[in-house]
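Asks: Following the hints, put chain B in place on chain A, whose structure we already have.
Below, each chain spelled out in residue letters.
There are 2 protein chains.
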Amino acid sequence: MSKANAALSVTPFCLEAWSKLRLQAVEQALSDWVTDETPCGLDHGAPADLVAAMRYAVLDGGKRLRPLLVFAAFEAMNLPTASVGHAAAVRAACAVELIHAYSLVHDDLPCMDNDVLRRGKPTVHVQFGEASALLAGDALQALAFELLTPMDGSVPPEMQARLCALLSRAAGSAGMAGGQAIDLASVGQPLTERQLRTMHQLKTGALLQCSVLMGAHCADAPLRAVQALRDYGAAIGLAFQVVDDILDVTADSATLGKTAGKDACNDKPTYVSLLGLDASRHHAQELLAQATAALNDGGLAEAQALHALADMVVNRVN
Amino acid sequence: MSKANAALSVTPFCLEAWSKLRLQAVEQALSDWVTDETPCGLDHGAPADLVAAMRYAVLDGGKRLRPLLVFAAFEAMNLPTASVGHAAAVRAACAVELIHAYSLVHDDLPCMDNDVLRRGKPTVHVQFGEASALLAGDALQALAFELLTPMDGSVPPEMQARLCALLSRAAGSAGMAGGQAIDLASVGQPLTERQLRTMHQLKTGALLQCSVLMGAHCADAPLRAVQALRDYGAAIGLAFQVVDDILDVTADSATLGKTAGKDACNDKPTYVSLLGLDASRHHAQELLAQATAALNDGGLAEAQALHALADMVVNRVN
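First to last, the sequence lines map onto chains A and B.
The first sequence runs contiguously to residue 318 in the working numbering.
The second sequence runs contiguously to residue 318 in the working numbering.
Treat the hints as calculated values from the structure; they're not laboratory data.
Careful, some of the hints might be misleading.
All copies of an identical chain are treated as equivalent in the list; a pair is satisfied when it fits inside any one copy or across any two copies.
Computed cross-link-like contacts, EDC-like style, restricted to lysine to aspartate or glutamate with a CA-CA straight-line distance of at most 20 Å [unchecked claim]: (1) 268 x 130; (2) 20 x 297; (3) 268 x 49; (4) 20 x 49; (5) 20 x 286; (6) 63 x 220; (7) 20 x 36; (8) 121 x 16; (9) 20 x 37; (10) 121 x 286.
So here's chain A without its partners, still in its complex pose (with noise of 0.2 Å):
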């Protein structure tokens, strides 16, 4: 090892300082693309009101989790942060939030969860009313193929059609907007721990392994990392749930920014139902374990962003 890299890896890592600087650039990101700005060569931008409650789904809010997914990935493969990738990074870091957010919104709704309250603040449909909050979360699915796909050569078309590929797929009916289904089916039903592990793949590891991925699409990464990636993203996908469904009974709605103990409320099958308190959290560490042997086997291992998120998912209070 060379003297650099002695120092290098002896230098702590401080996952705070490390997401700072790309947190501010999705924010502003998401902020300058979810606008009514009229389009390059459209008559008319979106309706005001629309774009409003689209902000307010998106803008200064959530642990943006998926975003900083994508960069840690994108950066394991250490390319110049200068790069036609590192834009399309920053694309991919954005489309797959807007996909969450907008899974939030719908997910808010009265029809299905009938929830008031998201972050601390009302929930879409509380403040802009049921329709809007249901077209606004549609909007925001569009966009996020809008983004990968730039008309100004700033991303290669390859790199724009796989990355929409990934992201329709994560989204779509076998993937998250499936794993809510198979959650609405299951409400009352007793679940085996199979079928409950196949839910929150869908519901919320395929978007999270998605966000690793499309960084490493970003990054034309070779396919022993990809495999690694895929690996990893299962890995904390499903700790996330888990580790979620602790919190559901352990914390309380301040600290969680969200309604506490709703899914017992609900009568929804969890971890916690399922395995009880303190086997969810052995479960929780031996994923964590999961994801970190999945970086190390995959020549990953001085990937210490990724490493701290998966750290993160895990030990995380809200």
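Replies: Relative to chain A, chain B alone:
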């Protein structure tokens, strides 16, 4: 003109026969692609009940105007039907229909138009419940972008990227979803003709125009033809809505396959309420003339299917 061409030009064009073959291909492709089969490389397919709602929303119904416009524009460029572009056109035709279908599912929901009848059948939320209808719509939008981004090499990545760019912009906040938001906000409001036109350009026009542009792009159409199709699409997009407004007051529910008289009942601004019935009919014919002129001026005078579809849009009875 050669003898062969002269013979062609006197053969009367039969839209019904032309449409029949293309509709069979679209129905088959939609049935194959809206499925719960596990996609290659994934552990799980989509849940069966979600797919059932998606299929109900998409199959066996509708005029399929948008897919027919894709094919008509594609064929106007005279590429061989076995070309790569043709495979892309089939995907584009299905993708735009999925976007249209999802918009109807969401539009029919109680928080929007609260409609119980569509294409002569109970609407999706009546049949499957509101939450399933919401998710089926969401999943259909994602599936549209899946169809445009096959990972099997069957469509060149540049074409995939451009098709996603066109469709996402037509579906989103400065397109269809934006038009629906204006529609929502305008109930009971007096609109000028200009405001009404803007609403319809976004709500209906954007996706119809996108259909012909996607078809043209699949055939690598020259700029002059693209511009002609842009004008043609704008004219028939608006005409479609003018005629919809006319039929809402002149046709009965059985003919329409949906509830007639809804607009007046909901106090929605329409061309008929703004201009009166006669002037609306006259305006529809003007728009047909504009569409025809756009084709003729753009070197597409021989594009019989495009001419016939414009005529059908304006002179339809349901």
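Asks: Determine for every hint whether it applies to the structure shown.
Replies: Each hint tested on the structure:
1. Proximity of residue 268 and residue 130 under a CA criterion of 20 Å is satisfied inter-copy only: 19 Å between copies versus 24 Å inside one chain copy.
2. Taking the shortest Cα distances, residue 20 and residue 297 never come within 20 Å of each other, neither inside one copy (29 Å) nor across copies (56 Å).
3. In this assembly of identical chains, the alpha carbons of residue 268 and residue 49 lie at most 20 Å apart only when taken from different copies (18 Å versus 35 Å within one copy).
4. Proximity of residue 20 and residue 49 under a CA criterion of 20 Å is satisfied in neither setting, with 30 Å inside one chain copy and 42 Å between copies.
5. Taking the closest pair of Cα atoms, residue 20 and residue 286 never come within 20 Å of each other, the shortest separation being 28 Å inside a single copy and 57 Å across copies.
6. For the homomeric pair residue 63 and residue 220, neither the shortest alpha-carbon distance inside one copy (27 Å) nor that between copies (43 Å) is at most 20 Å.
7. Taking the shortest Cα distances, residue 20 and residue 36 never come within 20 Å of each other, neither inside one copy (27 Å) nor across copies (41 Å).
8. Taking CA atoms no more than 20 Å apart as the test, residue 121 paired with residue 16 passes in neither setting, with 24 Å inside one copy and 54 Å between copies.
9. For the identical chains of this complex, residue 20 and residue 37 are neighbours neither inside a copy (28 Å) nor across copies (42 Å), given an alpha-carbon limit of 20 Å.
10. Within a single copy, residue 121 and residue 286 get their C-alpha atoms no closer than 34 Å, and across copies no closer than 50 Å, so neither meets the 20 Å cut-off.
Going through the hint list in order, the structure does not satisfy hints 2, 4, 5, 6, 7, 8, 9, 10.
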